[in-house]
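Novice: Each chain, written out:
2 protein chains.
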Amino acid sequence: MKKRLFTPGPISVPEDVLLEMAKPIIHHRTPEFLQIAQQAVEGLKYFFQTKNDVFIIAGSGTAAMEASVVNLLSPGDKALVISGGKFGERFVELIKTYNCEPVVIESGWGNPVDLRLIEDTLNNQPEIKAVFATLVETSTGTSYDIKGIGEIVSRKPETVFVVDGISGLGAVECRTDQWNIDALVSGSQKALSLPPGISFISISEKAWTKINNSKMPRYYLNLKKYKKAMEKFDFPFTMAVGLVVGLRKSLENIKQEGIENLWQIHRRRALAVKNAMASIGLNLFSKSPSDAVTAIVLPEGIDGEKFCSDMRKDFGMSVAGGQDKLKGKVIRISHFGYQDEFDTIAVIAGIELMLNKYGYKVEPGTGVREAMKVLFSI
Amino acid sequence: MKKRLFTPGPISVPEDVLLEMAKPIIHHRTPEFLQIAQQAVEGLKYFFQTKNDVFIIAGSGTAAMEASVVNLLSPGDKALVISGGKFGERFVELIKTYNCEPVVIESGWGNPVDLRLIEDTLNNQPEIKAVFATLVETSTGTSYDIKGIGEIVSRKPETVFVVDGISGLGAVECRTDQWNIDALVSGSQKALSLPPGISFISISEKAWTKINNSKMPRYYLNLKKYKKAMEKFDFPFTMAVGLVVGLRKSLENIKQEGIENLWQIHRRRALAVKNAMASIGLNLFSKSPSDAVTAIVLPEGIDGEKFCSDMRKDFGMSVAGGQDKLKGKVIRISHFGYQDEFDTIAVIAGIELMLNKYGYKVEPGTGVREAMKVLFSI
Numbered sequence: 001m002k003k004r005l006f007t008p009g010p011i012s013v014p015e016d017v018l019l020e021m022a023k024p025i026i027h028h029r030t031p032e033f034l035q036i037a038q039q040a041v042e043g044l045k046y047f048f049q050t051k052n053d054v055f056i057i058a059g060s061g062t063a064a065m066e067a068s069v070v071n072l073l074s075p076g077d078k079a080l081v082i083s084g085g086k087f088g089e090r091f092v093e094l095i096k097t098y099n100c101e102p103v104v105i106e107s108g109w110g111n112p113v114d115l116r117l118i119e120d121t122l123n124n125q126p127e128i129k130a131v132f133a134t135l136v137e138t139s140t141g142t143s144y145d146i147k148g149i150g151e152i153v154s155r156k157p158e159t160v161f162v163v164d165g166i167s168g169l170g171a172v173e174c175r176t177d178q179w180n181i182d183a184l185v186s187g188s189q190k191a192l193s194l195p196p197g198i199s200f201i202s203i204s205e206k207a208w209t210k211i212n213n214s215k216m217p218r219y220y221l222n223l224k225k226y227k228k229a230m231e232k233f234d235f236p237f238t239m240a241v242g243l244v245v246g247l248r249k250s251l252e253n254i255k256q257e258g259i260e261n262l263w264q265i266h267r268r269r270a271l272a273v274k275n276a277m278a279s280i281g282l283n284l285f286s287k288s289p290s291d292a293v294t295a296i297v298l299p300e301g302i303d304g305e306k307f308c309s310d311m312r313k314d315f316g317m318s319v320a321g322g323q324d325k326l327k328g329k330v331i332r333i334s335h336f337g338y339q340d341e342f343d344t345i346a347v348i349a350g351i352e353l354m355l356n357k358y359g360y361k362v363e364p365g366t367g368v369r370e371a372m373k374v375l376f377s378i
Numbered sequence: 001m002k003k004r005l006f007t008p009g010p011i012s013v014p015e016d017v018l019l020e021m022a023k024p025i026i027h028h029r030t031p032e033f034l035q036i037a038q039q040a041v042e043g044l045k046y047f048f049q050t051k052n053d054v055f056i057i058a059g060s061g062t063a064a065m066e067a068s069v070v071n072l073l074s075p076g077d078k079a080l081v082i083s084g085g086k087f088g089e090r091f092v093e094l095i096k097t098y099n100c101e102p103v104v105i106e107s108g109w110g111n112p113v114d115l116r117l118i119e120d121t122l123n124n125q126p127e128i129k130a131v132f133a134t135l136v137e138t139s140t141g142t143s144y145d146i147k148g149i150g151e152i153v154s155r156k157p158e159t160v161f162v163v164d165g166i167s168g169l170g171a172v173e174c175r176t177d178q179w180n181i182d183a184l185v186s187g188s189q190k191a192l193s194l195p196p197g198i199s200f201i202s203i204s205e206k207a208w209t210k211i212n213n214s215k216m217p218r219y220y221l222n223l224k225k226y227k228k229a230m231e232k233f234d235f236p237f238t239m240a241v242g243l244v245v246g247l248r249k250s251l252e253n254i255k256q257e258g259i260e261n262l263w264q265i266h267r268r269r270a271l272a273v274k275n276a277m278a279s280i281g282l283n284l285f286s287k288s289p290s291d292a293v294t295a296i297v298l299p300e301g302i303d304g305e306k307f308c309s310d311m312r313k314d315f316g317m318s319v320a321g322g323q324d325k326l327k328g329k330v331i332r333i334s335h336f337g338y339q340d341e342f343d344t345i346a347v348i349a350g351i352e353l354m355l356n357k358y359g360y361k362v363e364p365g366t367g368v369r370e371a372m373k374v375l376f377s378i
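If you read the protein sequences in the order shown, they are chains A and B. Quick note on the working numbering: the first sequence kicks off at 1 and runs consecutively. Quick note on the working numbering: the second sequence kicks off at 1 and runs consecutively.
Warning: the hint list may mix true and false statements.
A pair counts as met if it fits within one copy or between any two copies, since identical chains are not told apart.
As the list claims (entries may be wrong) - Here are the simulated lysine-lysine pairs, DSS-like style, with alpha carbons at most 25 Å apart: (1) Lys373 - Lys225; (2) Lys327 - Lys86; (3) Lys274 - Lys373; (4) Lys255 - Lys313; (5) Lys357 - Lys327.
Please keep in mind that the hints were generated in silico from the structure rather than gathered at the bench.
Same shape as in the complex, but just chain A (with noise of 0.2 Å):
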């Protein structure tokens, strides 16, 4: 059976990255490699839109996540953190287990969050030292006003904006620089569409006096030690050669797209899904949908976690169920990876024939008409 991948990460990875991979894999402390190190990090910066340091870590996202918070901040230092799902609850447990102390906005599962209020937390708590966000909430596929959130940090100079990006970035719009954005952080398997075991943070100049200052206890994640060995375009560790060749490509291949067009795009695929769902009665979950990530609620009485499974079952189709609290209860598809229109047109039809499966009757093709009108205006 034919398999295509709509979960948010990992993703299906195109066959000229695959292809690239595949090469004899070279030493990564060689003259070669450590050309191929660079052109990627230049590809990086403009995936990011930033003039900051890009650091590339052998690790998944959780330990850029994990590097974030162990070099930004020492032991006793308050951060705030707005947490709205699954990934903001992680940047909460990675503060408690370094020995800081987090102050919490919950938004509540799918909500945007109110500005207002990150302002005023601010402004009464002036000894916060950072304020951690995240892109797209891939657990409940919401988007939040990260733009509006940095314009508050930057006033702060004392406090500096970490941001997860792992499930948005190259999905959504988003502009380290311009958003003053100190610390992003991104993975390799989401909208870069490469298999997982890399991720990425951005660093910019307030960053840097932080991490100086720093006294956590860190090692495999210290910063300073990634700087160090990338004024050779070098990596302190052993990197994983066979990823960072992909990632090279697929940096290219963005380049050549455009990143803007690329917002595009899954903004079309998104807004598609949305169509297509409202035409059979189902509505998302997220008040603030992400183009990243869409979360389906289904029909009452539906079994989401069975849903998921007789789609790969039967049609070779993995779409993520709900987690934690939204478990049985959403789907998630993602809009990222190495998928296209026609694949969209594809996850919508195996939703309706699954539907009707389940006894929720749908005519064929409803939602697919919608979603074609939006993906190809028609």
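For chain A, the structure is supplied; the task is to place chain B on it using the hints.
Specialist: Just chain B now, kept in the frame of chain A:
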């Protein structure tokens, strides 16, 4: 742009087969390779539904067609060709090239053949040494009654039955032994889901008598050389090693799926396209449409050549145009190769979109709906 191949060969190759072929090349005269070849030949016998010899030729389908002519005929022999399109005509050209005399029954492009006409011709011209027919005529998407023709030829002890199964084998029912086919020709780039480059021919006992008595000059395609080498599962000339490795893998997949299932799958896809086209007012070209390839007549005034090139340019979808007298008038879609039900939906959506672009207004999703009903029995 993501690529989707619906051309009637070459087709998309499954990832597991591509990976198998990406392995380091082994020498073609090693025990390791000869074992792979043995397994491939055994798989081919299942694919052909035969206990006869089946040979692999390093060359495309036309090489195996030529092998049938130069091995089974002697100069001056009379041979009957059932021709209803470009590939029937190719047999005529081959037969003439080798100084044999073709007797041609022209069914007319897209029409089935009248079996009584074949029977009468063989009765009236008992000197006819061989009958050449086509399982599926790719140029028109037409299926022929091979079983019926085989029954007629089997009653003539001095006449052998040769079938070009290149575009049909694996996609439509074909039973070499039960249907009295003395030589069946096939190629790698169709329902076997492999890249082009190797072809196959089965030879019955009755056909061996012809071959052993043939006075035709031949060397690379001399099947006696292949027979001798095959005793040790070897080849008389250097074999396309990588393709045979892929062939074994592909035949393994087919064995697992079951050949009858495979026929059923193609039948459903072809019916889905037929119903979809009917729902938007388009007819099939053939009066006896095959389940391997469907030829669709475009509305008056639409240039089929441009339509195909736009499908490729706009949607990354390769569909074939018409050949010879059908150039510009039809588009042709294969149902074989690495594609599934959702790809069938995709190509129908693509055709709907392209028709709209060309001013033939179709409510998007109309054909998709009909296809979904057939493909998923809802």
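Novice: A separate judgement is required for each hint: does it hold in the structure or not?
Specialist: Cross-check of the supplied hints:
1. Within a single copy, Lys373 and Lys225 get their C-alpha atoms no closer than 51 Å, and across copies no closer than 60 Å, so neither meets the 25 Å cut-off.
2. For a Cα distance limit of 25 Å, the shortest separation of Lys327 from Lys86 inside one copy, 12 Å, qualifies, whereas the shortest one across copies, 58 Å, does not.
3. When the C-alpha separation of Lys274 and Lys373 is checked against a cutoff of 25 Å, the pair qualifies both within a copy, at 12 Å, and between copies, at 23 Å.
4. Taking CA atoms no more than 25 Å apart as the test, Lys255 paired with Lys313 passes between copies only; the shortest distance there is 20 Å, against 36 Å inside one copy.
5. In this assembly of identical chains, the alpha carbons of Lys357 and Lys327 lie at most 25 Å apart only when taken from the same copy (20 Å versus 43 Å across copies).
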